[in-house]
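Asks: Heads up: the sequence lines are chains E and A, in that order.
Numbering-wise, the first sequence is residues 5 to 334 according to this note's numbering.
Numbering-wise, the second sequence is residues 5 to 334 according to this note's numbering.
Hints are computed from structural coordinates only; laboratory data are not their basis.
If you're wondering where the values come from, they're calculated on a predicted model, not measured in any experiment.
It is possible that part of the hints are untrue.
Copies of the same chain are indistinguishable here, so a pair counts whether it falls within one copy or spans any two.
[Said to hold, decoys possible] In the DMTMM-like style, the derived pairs of lysine to aspartate or glutamate whose C-alpha atoms are separated by at most 25 Å in a straight line are: (1) 172 with 150; (2) 332 with 27; (3) 254 with 89; (4) 330 with 47; (5) 332 with 253; (6) 254 with 268.
Number of protein chains: 2
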Amino acid sequence: MVDIRYDVLGIGNAIVDVLAPAEDSFLAQHDLAKGGMMLIDADRADLLYGAMGSGTESSGGSAANTVAGVAALGGRACFVGKVCDDELGRIFAHDIRAIGVDFHSPPATSGAPTARCLIMVTPDAMRTMNTFLGACVELGPEDVDEDLVAASAITYLEGYLWDPPGAKEAFIKAMGAARAADRKVALSLSDSFCVDRHREEFLDLVEHHVDILFANEEEIISLYEVDSFDAAMQAVRGHCEIAALTRSEKGAVIVAGDEVHVIDAEPVAHVVDTTGAGDVYAAGFLTGLAEGRGLPECGRMAGIGAAEVISHMGARAEVDLKALMKTKLG
Amino acid sequence: MVDIRYDVLGIGNAIVDVLAPAEDSFLAQHDLAKGGMMLIDADRADLLYGAMGSGTESSGGSAANTVAGVAALGGRACFVGKVCDDELGRIFAHDIRAIGVDFHSPPATSGAPTARCLIMVTPDAMRTMNTFLGACVELGPEDVDEDLVAASAITYLEGYLWDPPGAKEAFIKAMGAARAADRKVALSLSDSFCVDRHREEFLDLVEHHVDILFANEEEIISLYEVDSFDAAMQAVRGHCEIAALTRSEKGAVIVAGDEVHVIDAEPVAHVVDTTGAGDVYAAGFLTGLAEGRGLPECGRMAGIGAAEVISHMGARAEVDLKALMKTKLG
Numbered sequence: 005m006v007d008i009r010y011d012v013l014g015i016g017n018a019i020v021d022v023l024a025p026a027e028d029s030f031l032a033q034h035d036l037a038k039g040g041m042m043l044i045d046a047d048r049a050d051l052l053y054g055a056m057g058s059g060t061e062s063s064g065g066s067a068a069n070t071v072a073g074v075a076a077l078g079g080r081a082c083f084v085g086k087v088c089d090d091e092l093g094r095i096f097a098h099d100i101r102a103i104g105v106d107f108h109s110p111p112a113t114s115g116a117p118t119a120r121c122l123i124m125v126t127p128d129a130m131r132t133m134n135t136f137l138g139a140c141v142e143l144g145p146e147d148v149d150e151d152l153v154a155a156s157a158i159t160y161l162e163g164y165l166w167d168p169p170g171a172k173e174a175f176i177k178a179m180g181a182a183r184a185a186d187r188k189v190a191l192s193l194s195d196s197f198c199v200d201r202h203r204e205e206f207l208d209l210v211e212h213h214v215d216i217l218f219a220n221e222e223e224i225i226s227l228y229e230v231d232s233f234d235a236a237m238q239a240v241r242g243h244c245e246i247a248a249l250t251r252s253e254k255g256a257v258i259v260a261g262d263e264v265h266v267i268d269a270e271p272v273a274h275v276v277d278t279t280g281a282g283d284v285y286a287a288g289f290l291t292g293l294a295e296g297r298g299l300p301e302c303g304r305m306a307g308i309g310a311a312e313v314i315s316h317m318g319a320r321a322e323v324d325l326k327a328l329m330k331t332k333l334g
Numbered sequence: 005m006v007d008i009r010y011d012v013l014g015i016g017n018a019i020v021d022v023l024a025p026a027e028d029s030f031l032a033q034h035d036l037a038k039g040g041m042m043l044i045d046a047d048r049a050d051l052l053y054g055a056m057g058s059g060t061e062s063s064g065g066s067a068a069n070t071v072a073g074v075a076a077l078g079g080r081a082c083f084v085g086k087v088c089d090d091e092l093g094r095i096f097a098h099d100i101r102a103i104g105v106d107f108h109s110p111p112a113t114s115g116a117p118t119a120r121c122l123i124m125v126t127p128d129a130m131r132t133m134n135t136f137l138g139a140c141v142e143l144g145p146e147d148v149d150e151d152l153v154a155a156s157a158i159t160y161l162e163g164y165l166w167d168p169p170g171a172k173e174a175f176i177k178a179m180g181a182a183r184a185a186d187r188k189v190a191l192s193l194s195d196s197f198c199v200d201r202h203r204e205e206f207l208d209l210v211e212h213h214v215d216i217l218f219a220n221e222e223e224i225i226s227l228y229e230v231d232s233f234d235a236a237m238q239a240v241r242g243h244c245e246i247a248a249l250t251r252s253e254k255g256a257v258i259v260a261g262d263e264v265h266v267i268d269a270e271p272v273a274h275v276v277d278t279t280g281a282g283d284v285y286a287a288g289f290l291t292g293l294a295e296g297r298g299l300p301e302c303g304r305m306a307g308i309g310a311a312e313v314i315s316h317m318g319a320r321a322e323v324d325l326k327a328l329m330k331t332k333l334g
């Protein structure tokens, strides 16, 4: 039996975000589905970047944001993901390490550049994401060390990994290694379009392989192709040990067998940008679990983290999350 | 006589900012003089970057920030500066163009990478800057088109250009071209350490070549080596057509021959990061001049712009500056 060295091992696409404000007319003009994540190729990335406004760059990636949040909250976290050995790749590696996450995946030395996500933030604070996967397509099973997975209490996987074929193999290998070592597997469904692309396989994952599921209302409704949140919640009950289902300003519902908790959203004075909300939600929740807290308190930690990150531009917390939790939870 | 196509032509170091919060102890540990701008080499940049926290990247550069502000305010602006043909260089070019500034300086295709400024923002909102000039050392007189200068009502130069030798030659050529075409020359003294490095030459510039001078209290005191703001103000009177002297929360004093205006600072609810304050101040002031406004109103526009930029992280405005001016000035 390997000793546990990490509370959470995150595996995901390693991405640098480029955020800029945009009007709704910009989305219409460029045929962008508001709130979604679209995969784009290099040419489309050049075109959209040329059209979008002046931006700021910051490290992103769904699972990467989550482990960054876990580390910021005082948890032990590690990340596996593929950057290229270029300027944005060095920025990604610097930022995730600077926040306290162990990150040792070797960068690709040839091929596509580090992935970027062009994010348009509309005045209603919704983010619309356009991801050029770049070097993320180089991630493969060889990047997953089974001993590392065995040394991690929870292996957290993002649904987006299902898009690049090599990353999907890495996902499956990590899941198997966690199972073999009797560790937990957590999954974020990522995005309702992503669920659309991989529904049958995601259903199998949720029903047979995942212990802790994160999904928002749209994603869980899409997964089960039902027409209400309640129907989706009933469908997922019993499949996972824990499902944390988020509903934006309506708060979240946490389902664990017979246990059902309805947690109110944390109040936010002014919602600026929802980028990263779900990622930091998962960070708070998983850190709570690692600390041995009960589900309602895990849900509150999750909500407090999400409320912080939507109150400003960018996907990662701007304040000391650990101190914030202490203030809020008492 | 060439027709005027630009209200302001800015010439400066083309820099991408890397901003991260830092404690005062970090400054002490790394021997950084709070509030200043230090020039660093590539090794020192690597060392400091490795030690600093997770950051965000955004386009910066003093004169570049100013012309970005002029364009955001509706003025016609152009920028001359040197990036490398790399990822950060493309980000710089994208951002300045996206905001409406004409920027056609060809990037360097070899040599050092695009310049970056590692900026530590302490809890008191002060920024401490560490600049690796990178490709900026490639700027030279060949990058200054005399017709472009002649087509610009005001050529705005940053004192920082005096650091790389080629840029200094570009500065002198631009100043001569503006003179020859009977256009105005504006200068920002940039930084009190920069004034220390080049005092004799800056004195000559201010006394003989500059029409519009921007300086903060420390810089103008350093220039004249006096011990009070008033003494510095008396010293500069008569040398420039206009001197706009900024004093942070004490507001600004504008001196123009016999005219002296004392303009109060705009109130700011919470000062977050002073990066770019002086640059956007100059943008508001120069745009006011271009619009034919009186000096007190130019001073108010300047102060309103500065107040916006210090209320958040980063050197460029986050709101629609033109709309903000309309609301504030009525």
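Asks: Check residue 332 against residue 253 for me: Cα-Cα at most 25 Å, and say if that holds within a copy, between copies, both or neither.
Replies: within (18 Å within a copy, 33 Å between copies)
Asks: Give the relationship of residue 330 and residue 47 under a CA distance limit of 25 Å: within one copy only, between copies only, both, or neither.
Replies: Neither: 46 Å inside a chain and 39 Å across chains, both beyond 25 Å.
Asks: Between residue 254 and residue 268, at a C-alpha cutoff of 25 Å, which is it: within one copy, between copies, both, or neither?
Replies: Within one copy only: 7 Å inside, 45 Å across.
Asks: Is the C-alpha distance from residue 254 to residue 89 at most 25 Å within one copy, between copies, in both cases, or in neither?
Replies: Neither: 42 Å inside a chain and 47 Å across chains, both beyond 25 Å.
Asks: Is it within a copy, between copies, both, or neither that the alpha carbon of residue 172 lies no farther than 25 Å from that of residue 150?
Replies: within (16 Å within a copy, 57 Å between copies)
Asks: Reference check for the pair residue 332 and residue 27, CA-CA at most 25 Å: within, between, both, or neither?
Replies: between (35 Å within a copy, 23 Å between copies)
Going down the numbered hints, you'll see the structure goes against 3, 4, while the others check out.
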